[in-house]
Amino acid sequence: MSVADYTARTSVRLGGLVLFVLIAFGVALTFTDEIALERLVTFGFLSRSLEMATPIALAAVGGLYAEKSGVFNIGLEGFMIFGAFSAAATMYALGGTSPTQGHVWAALVAAVLVSVALTVLFAVLLIHFKADQIVAGLAVWFVGLGFAPFTAAVIWGSRSSPGLTSIDPIAFGQSPLILLTIGIVVASWVVLYRTRYGNWIQAAGENPEALDTAGIDVNRVRYATVIFSGAMAGLGGAVLLAHAGNFGGTGETMVDGRGWIGIVAYLFGNYNPIGAAAAALLFGALDMLNVQFQTVGIDLPSRLVNLLPYVAVIVVLTAWGKTRMPDAVGEPYESEE
Amino acid sequence: MLSATVLERIAIAIASTLSAILIGLVIVAVAGYNPVQFVNQLVVGSFGSERAIVRTLRYSTLFILTGVAVAVAFRAGVFNIGVQGQFIMGGFATVVSIVGIAPLLPENAVGGTILIAIGTLAAIVAGGLYAALPGVLKAYGGANEIITTIMLNFIAIGFVGWLVAGRFNDPEATATRTRQLPEYVELPSPIVSDPNFSLVGLLVMLATVAAVAVIMARTSFGYDMVTSGYQQSAAGYAGVDPKRMIVSTMTFSGVVAGLAGAVFVIMIQGYYTDPSGVGNYGFDAIAVSLLAANNPVGVVPAGLLFGGLESAGSHIQINSDVPVQLIDGIVGLVVLFVAVPELFRMIAKRTGLGGENR
Amino acid sequence: LGDEDEGNGNGSDDAATEVAIISSPAGFDDNAFNDNAVEGLEAASNDFDLSYTTIEETEEAQYESIQADAAESGYDLIVTVGDNHTDPMATNAEQYPDQNWMLINNMIDGADNVSGWIEMNNEMSFLAGVVAGAMTTEDFEHADSSTDPGESTVGFVGGEDIPLINAFEESYIEGVEWVNDDVEVLTGYGGSFSDTQAANDVAESQIDDGADIVWHAASAAGAGVFSAAQDNDRFAIGVDVDQSVTEEQYQDVILGSAVKALDEATYQVAEAVVDDDFESVVGEQNLSVDEGAIDFVVGQAVEGDLPDTVMDSLDEAITSFENDEIELTCGPTSC
Amino acid sequence: MTASQTTPAVRLEGITKRFGDVVANDSVDFTLEQGSIHALLGENGSGKTTLMSILYGLYDQNEGSISVDGHEQTFDSPRDAMEAGVGMIHQHFQLVPSMTVLQNVILGHEPVDNGLINDGAARGRIEDICSRYEFDVDQYLDTRVEELDLGAQQRVEIVKSLYRGADVLILDEPTAVLTPQEVERLMDVMADLREDGQSLIFISHKLDEALEIADQITVLRDGEAIGTVDTAETTEQDLAQMMVGREVLFDRLERESSTGDPVLEVDGLCMRGDRDRRQVDDIDLTLRSGEILGIAGVQGNGQSELVEGITGLRSVEEGTIRLAGDDITGMNRRRRIENGIAYIPEDRQSEGLVQDYSLVRNALLGNQTIAPYANGQILDWDEVSDHAAEIVEEYDVQPPNPDATAGSLSGGNQQKFIVGREIGHDPDVLVASHPTRGVDIGSVEFIHNRLIELREEGLGILVVSSKLEEIRKLSDRIAVMYEGEFIDVVDPDAVTEEDLGLLMAGHEPTNEPPQQSDPQPDGGGSRD
Ligand SMILES: Nc1ncnc2c1ncn2[C@@H]1O[C@H](COP(=O)(O)OP(=O)(O)OP(=O)(O)O)[C@@H](O)[C@H]1O
Ligand SMILES: Nc1ncnc2c1ncn2[C@@H]1O[C@H](COP(=O)(O)OP(=O)(O)OP(=O)(O)O)[C@@H](O)[C@H]1O
Ligand SMILES: [Mg+2]
Ligand SMILES: [Mg+2]
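Taken in order, these protein sequences are the chains called A, B, C and D. To convert a position in the first sequence, counted from 1, into this note's numbering, add 784. To convert a position in the second sequence, counted from 1, into this note's numbering, add 48. To convert a position in the third sequence, counted from 1, into this note's numbering, add 11. To convert a position in the fourth sequence, counted from 1, into this note's numbering, add 829.
If we strip away everything but chain A, and leave its shape as in the complex, we get (with noise of 0.2 Å):
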C-alpha cells in the first residue's frame, strides 16, 4: 500500500535524523566527565522541544499539502511573520497590554484570517496569473518582513510589542496549542491518506490532467491547498507568538527562520503530515539540546552548534536525498477551456 510505502521512505529519512541527535549526543557526553543524563534529559527539556516544534510543524503541515497539490509555497516564513504580527496586533486592539486567555484564543483565530485573506491574493496570483512560485514565495518573505515590522512600529512606535501574555498551560504545564497542532497533525493524515479529497490532492500534484478528465477541478483543488497552507503558517506563527507572548519585529523577526526549516521539515518527511510533524520534533529536539548542553555547562561553541540542524540538514538531504518532488509542481494548470 503506498501510504506503508511512504511510512518507509520517511522512516529512512528521520532514522537519519535520528542518528544525528544520538551523534550530537554522543559527542555531548565524550566533552564531559560526569554530567549526568538525566540533567540533560528533562521533562522541561522534552516539553520545550514539543513546544519548539509545533509552530514549525503547523507550517510544515500547510506547505505539504500546497506542495502536495502541485504548488510550492516558499513563502511560508513570510506568512508566519504575518500570523504572529496579526496575532500580536489582535492581541493588543482586544486586551491592551493585559489581554485575557479569552483573548489569545481570539487572536489565534484572527491570524488564521489575516493569513487566509492574504493566501488568498497569493493564490490568486500563483494559480490564476500562473506567478513563478519560488519568486512569488521569496516575494511574501520579503514583504512579511518588511511590511509587518513597519505596521508594528505604525502601531506601538516600536516594531515590537511590548509585553502582552502567553497561553496558559493545561495539564502537566503543557499549552493547549500543542494538543492543537498534535490533532492538526493527525487529521491533516487522515484527510490525505483516506479521504477523496487526499486523492484528489495528490492527483492534482502528480497528473493534473488525470484529475481534470475524472471531472475535479484542479484549480480548486490547488486553492484550498495553497489556502490552508497560508492559514497553517499564520496559525504557526501565531502559536509560536502565543507562546512567546509578545511580538519581535526587529531583525530577521521572532520567526527567525522557523519558516524554511517547515519547508525542509516535510521533505524530510516525505510529504508525510506525521513525518513532517516527527521532522519538526527532531529539529525542535536538536535545538533544545544545544540549549540543555549550555545550561548543564557543556562547552561547546553555542553558536557553532547552533548550525547544527542546518548541517543535519544538508548531510540528511544529501545522503537520502532525492525526495521525490510531485510531478507537477511548480506547473500552473490550465484545463482545455
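Since the hints were made in silico from the structure, they are not lab data. Among these hints, one or two may not hold up.
Cβ-to-Cβ under 7 Å is the rule here; a few derived chain C residues that face chain A [said to hold, decoys possible]:
| # | residue |
| --- | --- |
| 1 | Asp172 |
| 2 | Gly199 |
| 3 | Ser203 |
| 4 | Val213 |
| 5 | Ser216 |
| 6 | Ala234 |
| 7 | Ser238 |
| 8 | Gly315 |
| 9 | Ser331 |
Chain D residues, not near chain A, derived (Cβ > 12 Å throughout) [what the hints assert, rightly or not]:
| # | residue |
| --- | --- |
| 10 | Glu912 |
| 11 | Glu986 |
| 12 | Glu1298 |
Ideal placement from N, C-alpha and C gives every residue a C-beta, glycine not left out.
Here the structure of chain A is known, so what remains is to put chains B, C and D with the ligands in place on it, guided by the hints.
Here is chains B, C and D with the ligands on its own, set in the frame of chain A:
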C-alpha cells in the same frame, strides 16, 4: 520563467516597480505620512545630489555584482539562493588573506596592488568553492539546491560570525571585528573622492557584467549553460554533462558572488564584522536578477533601481520619520509583481495597451 | 558639495537644535541600549527647544557614509550608538571638524569635537550578579514567585554569543561569586536579539535545572526571559533600564534592573549643545558606578521588599567600586 | 433524422473547432450506433483527438451539436460527459503513476462513508466489473500504477471508465503502445464490451486493426470527415486513399550502391535502464558505411537504451563500441559528436530542439564546439545563422524563417530541421530514432528519401522505428530487438510483416524455416 520578448520584460519590470511604489505610497498615506514628500525624497535621496548619486552607485555596484551572480545560476536553471553566503565567504576570505599576507609585502602602493589582487583571488576561490559545494550535493547527491543554499547562508553567517568573534577578532578593537586592511590597500579613486566608493570599483563591476554577458552569449560554455536552463534534456542531447554543468554553473555564480564580497571589503568596509550586519545584498540580488529577467546586462538598470531605493531609504531615514522597513516592503512588492508577468499582460490586453498578444 | 535642498530634520517643527541619532547594528526598538539613548533625547526634546531624528542603520559598512550624510544635513549634534561607529567616526570627526559628535561606548583620541561615552557594562553586569547571587540563598516570595534557598543556582541568558555579551556574562559571574563562591551560574545564549522564544527556552532550561533568578543581556529577546520566570514562578533581573517599568507586564517577577544612565548621558550632551557648551562634554566620559551612572534599581512591584542582606551586599559592592576595590577581568565591551 | 430505427448512442452534427488559425475540426458529422464499434481513422493531426475531446467535454466546440442517446447535450467538463455515460481512454494515459490502481480507478468518484473513502465498497464494485469482462485488474488493486506495464495500465483506464458508468467508450489510439499479443487481447476485450451492449469509438492509424474489429469506419482528413463506410464493404487500399488523399506506396525504396567497410561495431554491449533493469543484454552489431540497419521492436525492449549507449547519452555497463575501428566506449557524448556520430533523437520536442530558441540558436545545438561554428570556446554566430538558413532552405522548413522559435513549428517541420542539422557536416554514422514519428505523409517521404540519399553517399545509418513499413522501406537489414536482445536479423526483402510482428513479440522464428530467409545477408552483425 515564462518566455517573453525583451521589450515586454522591460515593460513588465517598469510596471511592477511602479505598481509596488504606488501601493507603497498608499500605505504611506494610510499610515499618516505625506506621500508627496515621500516621493520627493525618493527622487532626491537617490539621484538628487552628488552625494546621493555616489551613494546610489555604491549600493548599485554591489547589487549589480550579486545580481549577476544570481542571474548566472538562474539562467542555467539552478536556483542559487546562496549568493549571500558566498558573498560573505568571499569577503571574509579577502580580509583574512590580505591581513595575513600584508606583513610579507612592502607597505606601499605596489604592495597594496598585489594584496588587492591576492584578496580578490581569495574571494573568488572562496565564493566559488562555497557555491560548488551545494552544486556537487545536487548533482551527485540529489539534494535540492534551494534548500541547501538557504541552509548554507545560515551556516556562513554563523561560521564567519564565530571566526570574527574568536580566532580572527582584532585584539585592539573594542567592537567585534577583524583587523583592518592596511590603509595602502585601497582602490584608486579618480574623479569622485569618496572614502567608500571608487570609480575603479564601478569599472570592475561593469567589466564583470560585460565578461559574464559575453560568456553567456558568445561562448560554448555559455551556450551550454543557458541551454541547460531552458531545457535540460536538450542540453544533454547536445553533449552537456548535466551534473558537471550544475557544478560549473554554481561555481561560476559563486565566483561572481565572491568577487562582490571582495569589492565590498576593499572598496567599502575595510575589515569584517559579524556577517549578520553586512547587509542583505545576496537576498536582494535575487530580486534584482528577476527584475532583469536574469539577463546579466539587464541587471545593470535593475541594480541601479535597487541601489536608488536603498540610497533613498537612507536619505529618508535622515530626513523624515517614515520607518525604513517600508522600503523593504516595497522591494518585496516589486519582486512579487515581477513574479506575475501574466497580471500585466492581462491588464495590457484589457486596456488595449501593449499591442500584440504573444 | 552639499546642495541639500530642504535643510534637515523633520521639516515641520522648526526647532533651534537638531539632533540625529544613528543606531547600532542591532537597530532601534531593542528596549535597551539603543532605545535608552533615544530616551534621553526624547526627554531633552521635552525640556528644550530641540528635535531629534532617529536613523537606523544595521549595516556597519554604511556607518562612514551615513555619518557623513548626517553631517552634511547640518545637524547640531550627531549621536552614534555602539563602538562599531568608532573607526568611521575617527574619519568623519576630522572631515567635519565643526560638527558635534557623540560616540557611545568608545572615544576618539585627540578629537576635540567628539564626546565619547564609555559605559561600564562590566560594572553593571557585576551589580546584577551581586543581587542574583545574594538573592538565591534567601527565602523570598512575591506574588506567585519564590526563590529556592535550598538550591544556590542562578542563570544568565545572552542574545548572540559575541564578545560584547561574553563580557556581560563574565562580569555577572564575577558579581555572583563575589557575593557567594558556592553559587552555580548557568549560562546560555538564545542566538538572537529578536527571537523571544529562543531566550525563553534558555531561561526555562536554566530554571528547570535549579536557577531561581535569571538575568538577561538579550535586548528585545529578553522579554522571553521574563515570561519564563513568570510561567515558572521564579524571578528575573532586567538590564540597561528599569524594565519593571518598560516591561510592565512582567513587573511581578522583576526583582530589579541593572541600569546605566545612558539616557542621562544623551540628555546631558544634548543640553550642552543647546547651551552652546559642547566643549564641556568633549573627550572621554564615563558611565560608571563611581559617577553614579551605573546602578541597580529595585523593581517597582518589589520595592522595599528585598531582604536587607541583599541590599547590603549591593551597597557594599557599590562602595567597593567607588573605592576601586574591585578588579574586573573584562572591559566594558569585551574581555 | 436518419433512417435507422434505434436512436444512435452518440450523434455529432456539424462540429467545428478552431485553435487560433488552425481548424482542427471542420463541420464534422459522426454517428455511433448502439452496441457497435466505430473506428475513427486519420493521419496525425487530422483532428481525431480533438473531435473526441469535444465529445468528452474537454473542449467546447465552436459550432455544432452533440447528442447522446437521442438527447442533445452541452458538456462543460468531462464530469458532464461522464454523467451522460461517455468515457474516454486517452492517448496518453490519464493515470497518476504514484497512486495505486484502486485510487486511480475511483479518482473523482470515491465512495464515501462518514467522510472517509469506503475501501470495501470500491473494491466490490471493481471486482464486479472485472469478473464481468474477465479483467485481471482486481488482482493488483494495491499496486502503484507506475509499476504496471502499459497493457495493464490501459486495462486500468478501461476499468476506470466502466467504473464511472460509461456506456460509450472512446479509445484514443489504444494499440499504439501495445505488443501484438496485447493488441489481440484488447481486441477481445472490445468485442466483449460490444457484446455486453457497450458502444465504442476506436481511434487508430492502423487500417488492419480497424478492419478487424470495427463495424463502421469514419475517416478524417485535415479536420474534415471524408466519409463513413461499413467495414464489410471496404478495403485497406480504399481506406488508405481516403486518409491520405492519394495513392500510397508500400514499397521498399530503391537503392543502388552496395555497402562498404564497418563504421560502427558494437560488441557484447550490456546496459541498464532507468529502473535499474537490464535493458540491453549482450548486443553485438556491425554497421557498415552505405548501409541502413533497421532496428525493429516494440517500445520498451531496449532500443532507446541501445541508441543512448551508442550516442553517449547513457553509460555502458559492459562491452565495447568502436567507431571506424577506434574504441569510443569511454568517450562522452560531446566527444562522440565531435567524432562524427550524428543523432536524430526519439523525442524531438524535449531533446532535439530547445523549444524557446530560434532556429538559429537551435542550429548550434550539439555543434557548439565544432568548427566553423565555434573557434575554441568562442562562437561564431554568423556562421550559425548561415547554417540555419541553409537548413531551412534545403529542407523546406515551413515557415522559412530562421528566427522563428522551434516551438512554433509543426512537428514535421521540426523534424526536417533536425535532420538537416544532424547531417549538416558529414558524420560517419547517423543514428535515427523514430525519424518520422508524428510527421505528416509529405514530410515522411521527404525524410525517407533523404535518408536513402545519405546511404548512397556512404553514410552508415542506424534506424530505430516501431513502424514496420518504415523499417521495411528503408533498411538493408533488420535486427529485431526483444527484451534487450537481438532475437533475429532478417532481410527486409524476404520477411513478411506477420513474421516481423511475431519476432517483435518474442517468438523465435526457428520452428518455421520455410518462411524465413537467410538471417545474415552481409555476414556480420548478427547475434551469436
Ligand atoms: N490545444 C491545441 N491548441 C492548438 N492547436 C491544437 C490543439 N490541439 C490540437 N491542435 C491542432 O489541431 C489539429 C488536430 O489535432 P488532433 O490532436 O485532433 O489530431 P489527431 O488526429 O488526434 O492526431 P494524432 O493522430 O497525431 O493523435 C492539429 O493541427 C493540432 O496541431
Ligand atoms: N498546444 C498548442 N498550442 C498552440 N499551438 C499549437 C499547439 N499544438 C500545435 N500548435 C500549432 O498547430 C500547428 C500544427 O501543429 P502540430 O505539430 O500539431 O501539427 P501536425 O499536424 O502534427 O504537423 P506535422 O504534420 O507537420 O507534424 C503548428 O503551427 C503548431 O504551432
Ligand atoms: Mg536558590
Ligand atoms: Mg490524437
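So, going through the hints one by one against the coordinates:
1. Asp172: holds, 5 Å
2. Gly199: Given a least distance of 4 Å, the restraint on Gly199 (chain C) holds.
3. Ser203: holds, 6 Å
4. Val213: holds, 5 Å
5. Ser216: holds, 5 Å
6. Ala234: holds, 5 Å
7. Ser238: holds, 4 Å
8. Gly315: Check failed: Cβ of Gly315 (chain C) comes no nearer than 24 Å to chain A, outside 7 Å.
9. Ser331: violated, 28 Å
10. Glu912: violated, 8 Å
11. Glu986: violated, 10 Å
12. Glu1298: Holds, since 32 Å exceeds 12 Å.
The structure fails to meet hints 8, 9, 10 and 11 from the earlier list, while all remaining hints are met.
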